[in-house]
Each structure stands twice: as C-alpha cells, then as structure tokens.
Amino acid sequence: MILSQDLRGTAILCGLAALFTLIAPGFLALFTIITLTQVIGLAILALSLALIWGYGGILCFGQTAFFGLGAYAYAVAATNFGDASVSILIAMAVAAAFAAALGYFAFFGRVSDVYFAVITLTVSLIFWALIRRTSGPEYRIGDALLGGFNGTGAPPLNLPWNPSGFLFPEQTFYVAMGALILAYLFCGWLVRTRFGRVCVTIRENETRAELLAYDTRLYKLGLFSIGAAIAALGGVFFSVGISRVTPDVFSLQQAALTIIWVIVGGRGTLIGPILATFALYFLTSSLGGQVLLNTNLVLGVLLMAFVLGVPRGVLPSVMDLGARRRPTGRRGRRRPRRAAPAEPAE
Amino acid sequence: MDLFAAQILQIVYGISNLALISLGLAIIFGMMRVINLAHGEFLMLGGYTVVVATNAGVNVWLAMLVLAPLLVGVVGVLTERLLIRWLYGRMIDTLLATWGLSLFFIGLVTSIFGASTSTTISPPLGPVRIGEYQVSGYEMFLIGVTLALLLAVWLTLRFTKLGLVSRGAMQNAEMASALGVSTRRVYMITFGLGAAVTGLAGGLLAPMTGVLPTIGAVYIAKAFITVISGGAAILAGTASAATLLGGVNGVFTFLTGPTFGEVAMLLAAIVLLRLMPRGITGSIFRKSL
Chain A
1 MILSQDLRGT AILCGLAALF TLIAPGFLAL FTIITLTQVI GLAILALSLA LIWGYGGILC
61 FGQTAFFGLG AYAYAVAATN FGDASVSILI AMAVAAAFAA ALGYFAFFGR VSDVYFAVIT
121 LTVSLIFWAL IRRTSGPEYR IGDALLGGFN GTGAPPLNLP WNPSGFLFPE QTFYVAMGAL
181 ILAYLFCGWL VRTRFGRVCV TIRENETRAE LLAYDTRLYK LGLFSIGAAI AALGGVFFSV
241 GISRVTPDVF SLQQAALTII WVIVGGRGTL IGPILATFAL YFLTSSLGGQ VLLNTNLVLG
301 VLLMAFVLGV PRGVLPSVMD LGARRRPTGR RGRRRPRRAA PAEPAE
Chain B
1 MDLFAAQILQ IVYGISNLAL ISLGLAIIFG MMRVINLAHG EFLMLGGYTV VVATNAGVNV
61 WLAMLVLAPL LVGVVGVLTE RLLIRWLYGR MIDTLLATWG LSLFFIGLVT SIFGASTSTT
121 ISPPLGPVRI GEYQVSGYEM FLIGVTLALL LAVWLTLRFT KLGLVSRGAM QNAEMASALG
181 VSTRRVYMIT FGLGAAVTGL AGGLLAPMTG VLPTIGAVYI AKAFITVISG GAAILAGTAS
241 AATLLGGVNG VFTFLTGPTF GEVAMLLAAI VLLRLMPRGI TGSIFRKSL
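First to last, the sequence lines map onto chains A and B. For the first sequence, this note's numbering begins at 1 and goes up steadily by one. For the second sequence, this note's numbering begins at 1 and goes up steadily by one.
The set of hints was computed from the structure by calculation and includes no laboratory data. Backbone N, C-alpha and C fix where the C-beta goes; we use that ideal spot for every residue, glycine too. A hint or two may mislead.
So the derived label-pair ranges between C-beta atoms look like this [to be verified]:
no.: 1; chain 1: B; residue 1: Phe260; chain 2: A; residue 2: Ala93; range: 20 to 26 angstroms
no.: 2; chain 1: B; residue 1: Phe260; chain 2: A; residue 2: Pro163; range: 31 to 37 angstroms
no.: 3; chain 1: B; residue 1: Phe4; chain 2: A; residue 2: Phe166; range: 53 to 59 angstroms
no.: 4; chain 1: A; residue 1: Ser243; chain 2: B; residue 2: Met1; range: 51 to 57 angstroms
no.: 5; chain 1: B; residue 1: Gln171; chain 2: A; residue 2: Asn150; range: 49 to 55 angstroms
Calculated Cβ distances over 12 angstroms to all of chain A for the following chain B residues [claimed, not checked]:
no.: 6; residue: Ile11
no.: 7; residue: Val52
no.: 8; residue: Ser116
no.: 9; residue: Phe141
no.: 10; residue: Ser182
no.: 11; residue: Arg185
no.: 12; residue: Ser288
Chain B with its partners taken away, still in its complex shape (with noise of 0.2 angstroms):
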C-alpha cells in the first residue's frame, strides 16, 4: 500500500513535471501561434540564475521564486522587441529565428560560465515518510507549485482585464485592435510573461537536474510534445497533455526502466497527433482556456 503511494506519486510528479516545464510554452504558443524553439534555453537560463545568485549568497527561495522568474521574463520582453516582432505571420521564420536564439544562448552561457559547472545547489527541503518509504519534500512542492501556477494562470485568464484583453487578442486580433486594444503591447507583455513562467520552471529545477549550457535539449523535446498534444487551448491543453503523457511515461518508466519510458512517451504522442492532428484541445474541451 505505501509502496503503491510512493509510486503513484512519482507518476504525478512526472505529470506536473511535463506540466511545469511546458507552461511558459504553451502561454507563448496559445496566445500568439508562435513556438519558441529557445524555450530550453529559458529554462536554462533560469536554473542558472538560480545557481549563480545562492552562491553569491542570496537566499535560495528568493533567487528560485523572485530573481529567475524576473530575468527571464526580460529577456523574454526583450527578445519580443528584437527578434520576434519583426517576423508575426511569418511561422516558420520565427521557428528558425528562435533557434538562433537557441544557439546564441548557449554559446554566450558556455563563454561566460564554461562547458560545464562545478557547483550545483541541493534541494532546500529534506525528504519525507510515506510508511516505509521516503520520497523528496522537493518533489511534493514543485507538484504544489505547478498547481498553484495552473491556478494562477487560470485566475489571471479569467478574471482580469489582462486576461480578458488577451483571449480578447487571440481569438480575433484584427477586431481586437479595432476596439483599441493595443495587439502589440498585448504581445509583447504575453511573451513576457510566458518568458517568467518558463525561467520560473528553470530555477525551481536547478536543484533536482544542476545546470548545463546545453541542458534545454534535455527538456525542449518533452516540452515541446506536451504543447503539440495539447493543442491551443493554453490550461486545458498543458493539464490533459501532460496528465496522458506524463502518465504513458510514468507507466512505461515502472514497467521497463526510463530508457523506454520517454520513447512510449513520443509513440503516444504520434497516435495522439494521428487522431487529433490539432492536440487533445482541437478536438475535445474545445471551449476551455
């Protein structure tokens, strides 16, 4: 039985793993069609805010939840106003544009840090009791944290006048910016905030994965499938994607080791796109956010 709890655990971490690390993708995606190929480098960037600042010595949950969030989402606003906005309509070559960026990122991190770092920060909370078994307390709060972070996204989309004005741009921009909504502001901020979410997700995982320049590819192809399956709908589309696929992993991770289980993950997705080219929320829950 506590055996069976720990396990089910691990499988709902994995969950709100693909969860965190897609979110700040599947903003930028949701509201403005536009995928962000350097979105690991985001993340990466994160973690090494993180990294970097503790042992400068500032406290570590500050630099986690307050100084990763915030740099990122600067360079987030700032990659808006350089790159991206010269290229709206222009899919493919935001594609190929945000891969440079891509590039760029772990080329300017390995000149200033190195290829790889020596020191790494621990998780800040000890591990707890399950009957007979321990799991990571890190762990039980990032699972908290995605929650709270769907929450927010959602409370944010719902209620406020950014949120509206936001649905508002995505669904029909043209009338959007008709009724004197500033299309461009809208996405500047949008881009931006998916940015802080993603450098959010980076720095709160620092401590589990260390930081490399070159760790994004690690998560850019989960993060990625998890969007795709999605589909457009920004919570609904993250939430069921990364519950189905974050549950195939965790499955098939149990059963035959993690070799296959990110390989019955990517299958998954492929059947999935098979029978709903537009992801989970092009075909069901079509009205959810």
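One chain only, chain A, in its complex shape (with noise of 0.2 angstroms):
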C-alpha cells in the first residue's frame, strides 16, 4: 500500500519533470536554458549528497570534490578522445575510484563522522588549491591544459561514436534532465534494495548494525562511491552547462551552498535537497543583482536559522504538518534526533 502510494508520487513528479523539459524551450530564453542545465547539474551533486548524507548518515563536507573532479575529468577526456559519452563514464569512473581510496583510509580508519567531515572538506579545499596553482603550459594532460585559476574548457555532449555530432544547448538540456530524472529514480531504488536499507539501518545505529553481522565499512564504502559517480555526472553537467571548469568547482562556497541545500530541502529524503537547489539558485542569483545583501550574508543567516530552528528542512516538517492535520493518516512518523552526544574518537 505504501509502496504503491510512493511509486504513484514518484511517477507523477518524474512525468512533470519530464512534462516541463518537453515544454521549456517553447516558452523560456535560451539564456534561461543554459543556466538551467548548469542547475541541474548542481540538483544532481544535490543529490548524491541527499543519498549519502540522509539515507547513509555519511557526513561529507566535501562532496564537491567529486562534483569537481568529475568535471575536470571530463573536459580532459572529451578533449582528448572527443567521445563524450565515454568521457561521461570516464569522469563517474575516476570519482568513483577516488571517493573508493579516499573512503578506505576514512572507513577502514574507522574515522568518527566528525573528524571525517572536515577531512572531506579539507580533500576539496587541497584541489582548490591545487588547481588554482595549474597555469602554463606545463600542466597538461594529452592535449587538455588544466589552466589554472582561469580553468579549462568543456567541450560540449556529442552523440555516441559521432564525436562530430554535437549537441545544440536545447538537446542538452533534455540530455541534463534525464540524467537527473534517472539518477532520482536510481537513488529512489538504491534506497529500497537491500543494501539501501543496511545502509539506513547504518545511520540509525552503526553499533547495532556490527552486531548483527554487516560489515558496515563496506557498506559505507559502497554507498559513498556511488554517491561520488553521482555528484560527478553533475559535475559533467554543470561544465557543459558554461562550457568551462574552474577551480570554483572546489571552492568552500561551492561545499557551504551544497550543504545548505541539502539541510533546507531536508534530510531524508531525495527530492527536497532537488527542490531546494532550484529554489535556492535563483534566489541568490537575483541576490546578486543587488547591492544591498551580501550573497554570503544571507546564506550564513539562512544556514544558521536551519540549523537552530528547523533542523529536518523544509520538506519532512511540510510532511509532518500533513500527517499531523490527517489523524487517520497512516504514520505520524518522526524520526528522533540522533541520540546521545556522537563524542568524536572517544
């Protein structure tokens, strides 16, 4: 029953997705269109975050560093192999691997998730630097220069084996939103097998699920390596939405606007961070055009305001109003704060 009643909200919200791609175009400036494929590159780095974080309870400040990654990898594999549908796989594979390594230090370490929130943070920080250092003709991997503070260039989508065959900013943008739609409904079943719900059972009491058998390291490392291709594939897109990759991919505003759109949409669930991205995008863009409020002012304020008022976000407390009005409603269900202070490394 509940099943059938989450997979009809989920047919009718991806069928609106689907009906507004088919639509836009007609009625939106191109201009509006390139801006919102870069924003559904971000909803899709939304996302994996919204997977790991709010079903895994892996706390990863740094998950722009896949974001990023995935997009350098693949402006440097589309410039040297030209297929970019390949170079897509390429840039989810080379995340994915890092995130592995990174994961295996981190989990393995047993790394309490505090300590290992800053160290994503500061993995992202380290390739900000890093790349921000890469200028002059010395760094170059094949023919693609890295570029340094200016960043590298994205080629744009081609059609599979017809590198030639590029694709026009209106069929990327179809391209981006069923890459975003796939990877929704992707998460939406990850979450239901079996490996989603150890990794659940994970966040509400690691301790437990030892006991009863999982190997929580490995679950975990799992969960967090499929989260980094997914913020890579969204990286991919946001560079081919502007055509370039900066070293901003990286930055620590990039990481705090993840998080905020994470902690408004709210935890636990996938399509709030999603809603909240879009939401939140154009609100600091028209931020932007004025003088008056500082962009970060208002986002500190924002996070803050979350973090003290309405730490569930947005979404579960809508949720919970609804089931609350309803008394025949089928669960009133709230999740309790996570117990006990988590002492770090104690």
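Two chains, two separate frames, one set of hints: put the complex together.
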C-alpha cells in the first residue's frame, strides 16, 4: 500500500519534470535554458549528498571534490578522446575510484563522522588550492591544458560514436534533465534495495548494525563511491552548461551551498534537496543582482536559522505537518534526533 | 652551511606557522569538542582589525598584540552565547551552525570593506642576515611568538585555577559541575580565549599575507588537518602534528615546489589517521595536556 503510494508519487513527479522539460524551450529564453542546465548539474550534486548523508549518515562536507573531479575528468577526457559518452563514464569512474581510496582510509580507519566531515572538506579545499596553481603549459594531460585559475574548456556533449554530432543547448538540456530524472529514480530504487536498507540501519545505529554482522565499513564505502559517481555526473552537466570548468567548483562557497541545499530541502528525502537547489539557486542569483545584501551574508543567516530552528529541513517538516493534520494518517513518523551526543573518537 | 641553516629556518617557520593558526582551534576543540568552522573567519577578523587600526593611526604592535585578540575574543564570547550554547551535544549541528557563521562573516566583511583591500601593511621588522643569506626578521619574530603562546597556554593549564577547572570540565563535565564548577562559564571563557588566540594569530599574519574577506579558506584546510591529526590534547597534539605536517610540507616544498607541499601534507594526514584514527595524542602522549 505504502509502496504503491510512493510509486504513484514518484511517477507523477517524474511525469511533471518530463513535461516541463519538453515544453520549457518553447517559452524560456535560450540563456535561461543554459542556466537551467547548470542548475540541473548542481541538483544532481545535491541529490548525491542527499543519498549518502540523508540515507547513509555519511557526513561529507566535500562532496564538491567529486563534483569538481568529475567536471575536470570529463573536460580532460572529452578534449583528448572526443567521445562525450565515454568521457562521462570516465568522469564517474574517476570520482568513484577516488572516493573508494579516500573512503578506504576513512572508514577502515574508523574515523568518526565529524572528523570525516572535516577531512572531506579539506580534500576539496586542497584540490582548489592545487588546481589554481596549474596555470602554464607544463600542466597538461594529453591535449588538455588544466589552465590554473581560469580553468579549462569543457567540450559540448555529442552523439555516441559520432564525435562531430554536437548537441545544441536545448538538446543538452533534455539530456541533463533526463540524467537528473534517471539519477533520482536510481537513488529511489537504491534506498529500497537490501543494500539501501542496510545503509539506513547503519545511519540509525552503526554499532547495532555491526552486531547484526553487517560489515558497516564496506556498506559505507559502497554508498560513498556511488554518491561520488553521481556527484561527478552533476559536475559533467554543470561544466557542459557553462562550457568551462574553473577551480571554483572546489571552492569553500560551493561546498557550503551544497550542504545548505540538503539542509534546507531536508535530510532523509531525495526530492527535497533537488527542489531546494532550484529554489535557492534562483534566490541567490537574484540577490547577486543587487548590492544591499551580500549573498554570503544571507546564506550564512539562512544556514544558522535552519540549524537552530528547522534542523530537519523544509520537506520533512511539511510532510510531518500534513501527517499530523490527518488523524487517520498512515504514520505520524517522527524520527528521533540522533540520540546521545556523538562524542568524537572517544 | 648557511644555505642549510636558512632552509632549516624556513621549515621551522612553516611548523610554527601551522601551530600558530591551529592553536585557537585546538583550544576550542580540545576543551569543548566543538570544531569551529568559522575559525578561518576569526583569523580574517584579526587581520582586518590590524589593517583598519593601523591605517587609522594606531601603533602596529598595539593593534597586533592587543586590539586583534581583544576584538576577536569578544566576537568569540558573543558567538558562544548566541549560537554555540544552544547546540552542545549536537556536534554535527554545531559544525553546520559555525559554517553558517563563517559565511555570515565573509558576507559582512565584504559588505563593509568590499571584496578586496587596497591598503595593506608591511612587516614591521627588517631582514636578518645569516652568513650570505637574508631571512625575514618578522618570520623569526613569529617563531618566537608561537613558542611564547604555547608556553603561556601550558602555564595557564598547568598552574592556574582556571586551568585546573577547565581541565576538570574537559575530563568529566558532569563531575565538575557536581563539584560546583559552572561548566557553562568555563565553556564561555574557553571559547573566548580560543577566539582571542585565533585573533592574535590572524593579526600577526596580516602583514605577511594581506587581508581579504575570503582569506579564511586559505588557512582552515591546514588548521583542520593539524588539529585533527593532533587529537584531543591541546598542546601536545598541536605541537606534534604541526611538527610532523609542517616538516612534510617543508621538505616536499623544497623538493618539488609549493604546489605539491600541501598535497603531501594532506596525504600524510590521511595516512596518519588510518593508523591513528584519534590523532597522534589518541595513541601516544595520551596523558599530556
């Protein structure tokens, strides 16, 4: 019963998204379509964090490291090989492999979640510092210059096995939206599989999951790598949208924004962070058009207000209200806040 | 020989620089188990205090050694009162809230002073000669200040009533409050002191680096890995991690140039955490301060 309701909701949602995608180029300006393609990339990034944090309890502050790594890997691979489809796969594989290596050290070293958050953020910031210094002709991979501060060009998408059949911006938009819908469906399916349920168990109580003989380290490593691959996919569409990759994909502000989208949208849902990405992106870009209020200032206040006031995010709180208003509602579920202060490494 | 001495001095400076930017964060983390993600912005505020005060005609030493720690210390106490104290025991929420604070400060300073500063100050000490080589006298001064700060923290923790009470609160907060210690007050003072040390560090580094609203991002990556690799003990952790990581950074910078120095440092920290997940002082020097 619950499952069929879930399925119906997902089907309606995807149908609406597909409908919007098909009619959007008809009434939106080309510039808006190109911007939307970038935001779709960012939404896929938010989705990946929603998956690993909201469902796996893996607090990754540097999800942008995989996002940026994917973007750079795509740009380098597409410049060298020409075929975009293969390059996307390479980008996802590079990010997943890097996540697996990082996750091996973190999860198998049993680094606590707060440490893990800070380490991942640090990794992203080191990438930022490193890639900014790669200007000059000696920093090149094959034909692709890394370009330092100015970044490198990301070739447009093209048809499989036909590197000269470049896609137009509208077509890229269709592909990006299709990828977002597919990624959303994939994540929705993943959290309902046995693997996903074990990950939720680990989020709720890692010790108990371990006592039930699940190797929590392997499950976390798996989920983390999958999340990294999805984030890399987001990075590809973001960079294709603006035709460039700059070191700013690794920046502190980008990392903060990703966290804010997930917090505002709500942990424990997949669609909440996606919607929050679209809403907040257009909020911040409209803030960028005026000088009275600084964007960072507004985002900082927003983040503090949500942590203090609405720690569970908008969507779960709204769903809760809805469930409470209907007395016969199926479940007034209220996940208790994680019990007992998680002392780090003690 | 002179070249060797100058190189060693550079590495020692790198180590003391790491210790200087991390000490405030380590004090707050060691005492309260709070990782302050606005640490970089506390450093930035210290730097701005010095630049603004010096340009207004205040003596540069007064601005660096008194005004910067004072102002940032007050900001720290306010932060604890208004933000952190609602979130004790919720580590992840503390991280997120201090991240919000970090963005808030970046935005605030950008609104007031603009995205870049045109006026900077030069280091108030001239170069010092070692044989045929010249080294910065100000860097030598910073090494001295770092040692003095570490000593001051050790003396405070070891010999004063405040140090005793805060060590008690750190080891067992409930027992300390049962014995009549106001742990909330201890936390407030600790946060304020940690922020003051951070402000001092930011002020001292301002002549070396200049100030920008976003300069915090340059520091925090290094400060975080130093504190996390060091573990919970404030002094032994900071000193040992700064020595190890600063040494790795210095040697790799010397061998391969600055691009890979930080990468080598990060890799060393990650491998270290695989071996010692609670940091250096979680495995060795456990009883130290």
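Okay, the hints, checked on the actual structure:
Phe260/B and Ala93/A have their C-beta atoms about 24 angstroms apart, which keeps the hinted 20 to 26 angstroms range intact. At roughly 34 angstroms, the beta carbons of Phe260/B and Pro163/A sit within the given window of 31 to 37 angstroms. At roughly 58 angstroms, the beta carbons of Phe4/B and Phe166/A sit within the given window of 53 to 59 angstroms. Look at Ser243/A against Met1/B: about 55 angstroms separates their beta carbons, and that is inside 51 to 57 angstroms.
The given range of 49 to 55 angstroms is respected by Gln171/B and Asn150/A, whose C-beta atoms sit roughly 52 angstroms from each other. Chain A leaves Ile11/B outside its interface by the beta-carbon criterion, the shortest separation being 20 angstroms against a cut-off of 12 angstroms. With a minimum CB-CB distance of about 18 angstroms to chain A, Val52/B clears the 12 angstroms threshold, and the non-interface call stands. Every CB of chain A is more than 12 angstroms from the CB of Ser116/B (nearest about 14 angstroms), matching its label as outside the interface.
No beta-carbon of chain A is positioned within 12 angstroms of the beta-carbon of Phe141/B; the least distance is around 26 angstroms. Remark: the non-interface label on Ser182/B is consistent with the geometry, its nearest Cβ contact in chain A lying 19 angstroms away (cut-off 12 angstroms). Against the 12 angstroms criterion, Arg185/B stays outside the reach of chain A, whose nearest CB is about 20 angstroms from its own CB. Ser288/B, annotated as away from the interface, keeps every beta carbon of chain A farther than 12 angstroms; the closest lies near 16 angstroms.
The structure meets every hint from the earlier list without exception.
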